[in-house]
Amino acid sequence: MSMVAEAPLKNAVPTDQELIDFVVREARLIDEQRFDEWLDMYADDAFYWMPLEWNQTDPRLTCSLMYEDKLLLSIRVERLKGARTFSQKPKSRCHHVLQTPQVDSRDAAANRYVTWTPIHYVETRLDEQALYAAWITHHLCVEDGKLKIKLKRVDLINCDAAFGNIQLFM
Amino acid sequence: MTRYAGNAEALRALVREQEVHRDVYVSEEVFQLEMEHMFPNSWVYVGHDSQVPNAGDYFGTTIGTQPVLLVRHTDGKVHVLHNRCPHKGTRITSETCGNTGKFFRCPYHAWSFKTDGSLLAIPLKKGYENTGFEQSHAAPGMAPVRHVRNYRGFVFAKINDGGLDFEEFFGESLSSFDNMIDRSPVGQLKVAGGVLRYMHNCNWKMLVENQTDTCHPMVAHESSAGTAVEVWKKAPPGTKKPMAVEIIAPFMSPYEFFENMGIRIWDNGHGHTGVHHSIHSDYSAVPGYFEKMKAAYGEERAKAILDENRHNTVYFPNIMIKGPIQLLRHFKPIAANKTLVESWTFQLVDAPDMLLERTLMYNRLINAPTSIVGHDDLEMYERAQEGLHSNGNEWVNLQRLYSPDEAGQTNVAVNGTSEWPMRHQFRAWTKFMTMGM
Ligand code: FES
Ligand SMILES: [Fe+2]
Chain S
1 MSMVAEAPLK NAVPTDQELI DFVVREARLI DEQRFDEWLD MYADDAFYWM
51 PLEWNQTDPR LTCSLMYEDK LLLSIRVERL KGARTFSQKP KSRCHHVLQT
101 PQVDSRDAAA NRYVTWTPIH YVETRLDEQA LYAAWITHHL CVEDGKLKIK
151 LKRVDLINCD AAFGNIQLFM
Chain V
171 MTRYAGNAEA LRALVREQEV HRDVYVSEEV FQLEMEHMFP NSWVYVGHDS
221 QVPNAGDYFG TTIGTQPVLL VRHTDGKVHV LHNRCPHKGT RITSETCGNT
271 GKFFRCPYHA WSFKTDGSLL AIPLKKGYEN TGFEQSHAAP GMAPVRHVRN
321 YRGFVFAKIN DGGLDFEEFF GESLSSFDNM IDRSPVGQLK VAGGVLRYMH
371 NCNWKMLVEN QTDTCHPMVA HESSAGTAVE VWKKAPPGTK KPMAVEIIAP
421 FMSPYEFFEN MGIRIWDNGH GHTGVHHSIH SDYSAVPGYF EKMKAAYGEE
471 RAKAILDENR HNTVYFPNIM IKGPIQLLRH FKPIAANKTL VESWTFQLVD
521 APDMLLERTL MYNRLINAPT SIVGHDDLEM YERAQEGLHS NGNEWVNLQR
571 LYSPDEAGQT NVAVNGTSEW PMRHQFRAWT KFMTMGM
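Protein chains in written order, with my numbering: chain S, 1 to 170; chain V, 171 to 607.
In case anyone wonders, no lab produced these hints; they're calculated from the structure.
The beta carbon of each residue, even a glycine, is placed where N, CA and C say it ideally should be.
Be aware that a few hints might be false.
Chain V is nowhere near these chain S residues, computed Cβ spacing over 10 Å in every case [stated by the list, open to error]:
| id | residue |
| --- | --- |
| 1 | Ala46 |
| 2 | His95 |
| 3 | Gly145 |
DSS-like mimics (lysine-lysine), calculated; alpha carbons at most 30 Å apart, straight line [to be verified]:
| id | chain 1 | residue 1 | chain 2 | residue 2 |
| --- | --- | --- | --- | --- |
| 4 | V | Lys284 | V | Lys296 |
| 5 | V | Lys410 | S | Lys150 |
| 6 | S | Lys148 | V | Lys404 |
| 7 | S | Lys81 | V | Lys296 |
| 8 | V | Lys508 | S | Lys91 |
| 9 | S | Lys70 | S | Lys148 |
| 10 | V | Lys508 | S | Lys89 |
| 11 | V | Lys403 | S | Lys91 |
| 12 | V | Lys284 | V | Lys247 |
| 13 | S | Lys70 | V | Lys404 |
| 14 | S | Lys150 | V | Lys272 |
| 15 | V | Lys404 | S | Lys81 |
| 16 | S | Lys146 | V | Lys404 |
| 17 | V | Lys411 | S | Lys81 |
| 18 | V | Lys464 | V | Lys360 |
| 19 | V | Lys411 | S | Lys148 |
| 20 | S | Lys150 | V | Lys296 |
| 21 | S | Lys91 | V | Lys284 |
| 22 | S | Lys148 | V | Lys403 |
| 23 | V | Lys272 | V | Lys360 |
| 24 | S | Lys70 | S | Lys81 |
| 25 | V | Lys403 | S | Lys146 |
| 26 | S | Lys148 | S | Lys81 |
| 27 | S | Lys10 | S | Lys70 |
| 28 | S | Lys70 | V | Lys403 |
| 29 | V | Lys360 | S | Lys81 |
| 30 | S | Lys89 | V | Lys403 |
| 31 | V | Lys404 | S | Lys150 |
Covered stretches of chain V (in silico footprint by chain S; criterion: 3 or more residues with CB under 8 Å from a CB of chain S, positions within the stretch not fixed) [what the hints assert, rightly or not]:
| id | region |
| --- | --- |
| 32 | 389-399 |
| 33 | 520-530 |
| 34 | 574-582 |
Make a model of the complete structure from these sequences and hints.
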């Protein structure tokens, strides 16, 4: 598998197609387990948020499955490479199916673009395979001519169910 | 094939002074006997009364594998009812929690019950006239669990009439609940933040044991906590240590740290790690909190409450609490090889929000199905659940720092890496498993 390198934005303001390509690229980098490149798609002050509650509004005083800044995400990425990461021996694999992302809002003046993407996500390890359904909201911005993720919100359809291990990223 | 039913001798033989037979983890028959005897003979945690603040409020949960309801009756008292209709067995409530008003109404044939479980009305009641209905099992209504105790908000229930009374069962161990509750300036906790539910393919006792297993963090969690420490080292000098690093890094503390933290043993399988210090000892102070505590309790008492650093307190059979961060983990048995872990968090009433924020961060970093620390642990439990099917050795070793005179000793503090708490849990296991058999 080879994927073209990320192209710089053609203009200062991204087109809808550029926003869509970016979201699709993110999923593909995860599926290909290119986690360092994946992490580069996040702004330094980004958050990856997976709410625990249906329609959750507060990540601070309501618990979440994940509410992680870039430091915590980079710990995850490093851990996946670790020689003594036994829960990844053997490694998990994952697979995204995305609906075409929809551009929900674009505000060039505020440098804020929001997309919405329904997904099916499969994570597998050894003989186990789990299927998850979710809606992903990306809050994007442009930094130095490149798109970056400010917030990725993953709303699982069954966010309040009891899960086994979820080890990779949706 | 039944090997253990009605055979107290065979059950006792599963637990030796320094080892236990693998059947306590893998045998479905032993699991069924735990549900029939050990759980009903014990005081089992049901829920917190802040989950049912108003009359008619209910919360559905399980005692062992039996469905029960925690409910606030019209008189303000909290009851525990078996959650099944006396008619055909239908579960009465639709949601996990809610308010039923003045009575429960079964959705199948509309029998109704007061919130203490007693039968209120049956449609077409005439059809039961002259049938001896008053003597039937159905007549009393939804069966209550008869032995219920609300300890400062924490509700426990015992299904069987025999066994120990509440005080005898818990003894001095309630001091850990006291300390957790006293950390609120008004001495009150409230369930808050939502519950994390994490499915484990292993026996529930592996989780209970793990709560006092201080020889595993620096090994099993090297991948998560060790990596966190390494990544944090690369932060530019002078960067303020984030809350997340304060929480996760102490898991990498050396053996010495855990040896010195100490373990205390109480009666009936209860005990706690962190007699002297714990992984929660060095968290940053939360602005404004000590002042509130001082105003409420006076300086000396406030200090005494906050200097208590108990790490994990295990209450036999199946919960653990962390007083310093107001967290309760409930290990709910489903099958010999299946356990649902619920991790609950509490707000200290009248204390700064930041304490709850830290508690919730701890919970999702350590106890969520998406937690890398959780992944480390579950991998070990599942490997054990699998490995125990080997006939090469049928015994699990619990020998570390064993001393022959330990049975019967209570309220003693020992080396923090001792497996005494696990041996102690299994002594209680035998006691409540075979009680009245
Ligand atoms: S089953 Fe409940 S009323 Fe018939
Ligand atoms: Fe652990």
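Going down the list of hints, with the structure as the test:
The Cβ of S:Ala46 lies farther than 10 Å from every Cβ of chain V, with a closest approach of about 15 Å, so its non-interface assignment holds. The beta carbon of S:His95 sits about 18 Å from the closest Cβ of chain V, which is more than 10 Å, so the claim that it is off the interface holds. Even its closest Cβ contact with chain V, about 25 Å, leaves S:Gly145 beyond 10 Å, as expected for a residue assigned away from the interface. This hinted pair checks out: V:Lys284 and V:Lys296 have alpha carbons roughly 20 Å apart, not beyond 30 Å.
Taking the CA atoms of V:Lys410 and S:Lys150, the gap is about 22 Å. The hint holds against a cut of 30 Å. Under the criterion of a C-alpha separation no larger than 30 Å, the hint pairing S:Lys148 with V:Lys404 is consistent with the structure, at around 23 Å. Of the supplied pair hints, the one linking S:Lys81 and V:Lys296 is violated, its CA atoms being roughly 72 Å apart against a limit of 30 Å. As the CA atoms of V:Lys508 and S:Lys91 are separated by approximately 23 Å, the hinted pair is consistent with the 30 Å bound.
For the hint pairing S:Lys70 with S:Lys148, the CA-to-CA distance comes to about 12 Å; that is within 30 Å, so the pair holds. Simply put, V:Lys508 and S:Lys89 have alpha-carbon atoms about 22 Å apart, close enough for the 30 Å limit, and the pair holds. As the CA atoms of V:Lys403 and S:Lys91 are separated by approximately 26 Å, the hinted pair is consistent with the 30 Å bound. The suggested pairing of V:Lys284 with V:Lys247 holds, with an alpha-carbon distance near 13 Å, which does not exceed 30 Å.
Between the alpha carbons of S:Lys70 and V:Lys404 the distance comes to roughly 13 Å, so the proposed pair stays at or under 30 Å and holds. Only pairs whose Cα atoms come within 30 Å are accepted, and S:Lys150 paired with V:Lys272 is rejected, the gap being roughly 49 Å. Distance restraint check for V:Lys404 and S:Lys81: the Cα-Cα separation of roughly 17 Å lies within the 30 Å cut-off, and the hinted pair is therefore satisfied. For the hint linking S:Lys146 to V:Lys404, the alpha-carbon distance of about 25 Å falls within 30 Å, and the restraint holds.
Between the alpha carbons of V:Lys411 and S:Lys81 the distance comes to roughly 24 Å, so the proposed pair stays at or under 30 Å and holds. A hinted pair counts as satisfied when its Cα atoms are at most 30 Å apart, and V:Lys464 with V:Lys360 qualifies at roughly 21 Å. For the given pair, V:Lys411 sits about 25 Å from S:Lys148 by alpha-carbon distance, which is consistent with the 30 Å threshold. Of the supplied pair hints, the one linking S:Lys150 and V:Lys296 is violated, its CA atoms being roughly 68 Å apart against a limit of 30 Å.
Only pairs whose Cα atoms come within 30 Å are accepted, and S:Lys91 paired with V:Lys284 is rejected, the gap being roughly 54 Å. With a C-alpha separation of about 25 Å, the suggested pair S:Lys148 and V:Lys403 falls inside the 30 Å cut-off, and the hint holds. Taking the CA atoms of V:Lys272 and V:Lys360, the gap is near 24 Å; set against the 30 Å cutoff, the hint holds. For the given pair, S:Lys70 sits about 17 Å from S:Lys81 by alpha-carbon distance, which is consistent with the 30 Å threshold.
Taken as a hint, the V:Lys403 and S:Lys146 pair is honoured in the structure, with Cα atoms around 29 Å apart against an allowance of 30 Å. Between the alpha carbons of S:Lys148 and S:Lys81 the distance comes to roughly 24 Å, so the proposed pair stays at or under 30 Å and holds. For the hint pairing S:Lys10 with S:Lys70, the CA-to-CA distance comes to about 27 Å; that is within 30 Å, so the pair holds. The suggested pairing of S:Lys70 with V:Lys403 holds, with an alpha-carbon distance near 15 Å, which does not exceed 30 Å.
Simply put, V:Lys360 and S:Lys81 have alpha-carbon atoms about 40 Å apart, too far for the 30 Å limit, and the pair is violated. Between S:Lys89 and V:Lys403 the alpha-carbon distance is near 26 Å, which keeps this suggested pair within the 30 Å criterion. For the suggested pair V:Lys404 and S:Lys150, the alpha carbons sit about 23 Å apart, so the restraint of at most 30 Å is met. Counting residues of the region 389-399 of chain V whose CB lies closer than 8 Å to any CB of chain S gives 7, which reaches the minimum of 3, so the coverage claim holds.
With a threshold of 8 Å between beta carbons, the proposed coverage of the region 520-530 of chain V by chain S holds, since 4 of its residues qualify and at least three are required. Under the rule that three or more residues need a Cβ within less than 8 Å of chain S, the assignment of the region 574-582 of chain V is violated, with 0 such residues.
The structure shown violates the earlier hints numbered 7, 14, 20, 21, 29, 34.
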